[in-house]
Amino acid sequence: MPRSFSNVSQRLMGGSRLNLKDPRTVARAVLGALVLANLVAALMVFKPWGGSPEDLARDEANLRQQLATMQARLLHSKSLVSKAETARKEDNRFLAEYTTDRRTTFSTIFSELERVAHEAGIQPRPASYELEQVEGSDTLYQMTITAAYEGSYESLTKFVNLLDKSPRFLIIESLMAAPQQANATNLLSVSIKLDTFVREEPGSVS
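So in the working numbering, spot 68 of the sequence shown is number 70, and the numbers just go up one at a time.
None of these hints come from the bench; they were simulated from the model. For every residue, glycine included, the Cβ atom is placed at its ideal position computed from N, Cα and C. Any given hint could be a false lead.
[Unchecked claim] Label pairs and their computed distance ranges (CB to CB):
#1 E137 x S113: 24 to 32 angstroms
#2 P128 x Q183: 19 to 27 angstroms
#3 S176 x T88: 30 to 38 angstroms
[Unchecked claim] Computed cross-link-like contacts, SDA-like style, restricted to lysine to any residue with a CA-CA straight-line distance of at most 20 angstroms:
#4 K167 x A180
#5 K195 x V136
#6 K195 x I147
#7 K160 x A179
#8 K160 x A150
#9 K167 x E156
With the hints as constraints, model all of the structure from the sequences given.
Rendered as structure tokens:
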């Protein structure tokens, strides 16, 4: 080999030759190769040069689609919240209007039944009631009233109509009427079962 070329090679190699038998030299070469491989992988993943115009357009379209989806979900969530708030207000209004406070339920309901019976011209007989808590609620109860009456068919019909128009939430669960065979006045013996709902205000004593 010409001497001049040998000198150039030594200068390019930093004035020294690689000694592949030296473990330190081999380790440095391996580490250098690993660092280079990591740099290449990072460049491929993160693309610091920004990608092609087609890639940028595709990324922009994906971001716009994601934004539209998120906005649609937000509007749906707001709609659900609004409906839930409306339902809560309607529920509170219904309870306030059609249920009675447990502290005054008995006098209120039985006074209403007495008024309706008097207006219909039907005679009340002994009555009983049961109070049972509504499943899933801590403040709502169902009161079932079993009452007996005596009157004509016309008075019974009027009694039922008045119950239907009562401002109190009274549900007729069952009604049985039978003629009184012991007299000839066409009177009926009536047994009726009514349901109504009672609320217990928070903090009140049962």
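Each hint, compared with the structure:
{"no.": "1", "hint": "E137 x S113: 24 to 32 angstroms", "in the structure": "holds (29 angstroms)"}
{"no.": "2", "hint": "P128 x Q183: 19 to 27 angstroms", "in the structure": "holds (21 angstroms)"}
{"no.": "3", "hint": "S176 x T88: 30 to 38 angstroms", "in the structure": "holds (35 angstroms)"}
{"no.": "4", "hint": "K167 x A180", "in the structure": "violated (24 angstroms)"}
{"no.": "5", "hint": "K195 x V136", "in the structure": "holds (18 angstroms)"}
{"no.": "6", "hint": "K195 x I147", "in the structure": "holds (6 angstroms)"}
{"no.": "7", "hint": "K160 x A179", "in the structure": "holds (14 angstroms)"}
{"no.": "8", "hint": "K160 x A150", "in the structure": "holds (16 angstroms)"}
{"no.": "9", "hint": "K167 x E156", "in the structure": "holds (17 angstroms)"}
Against the hints set out earlier in the document, a violation occurs for number 4 only.
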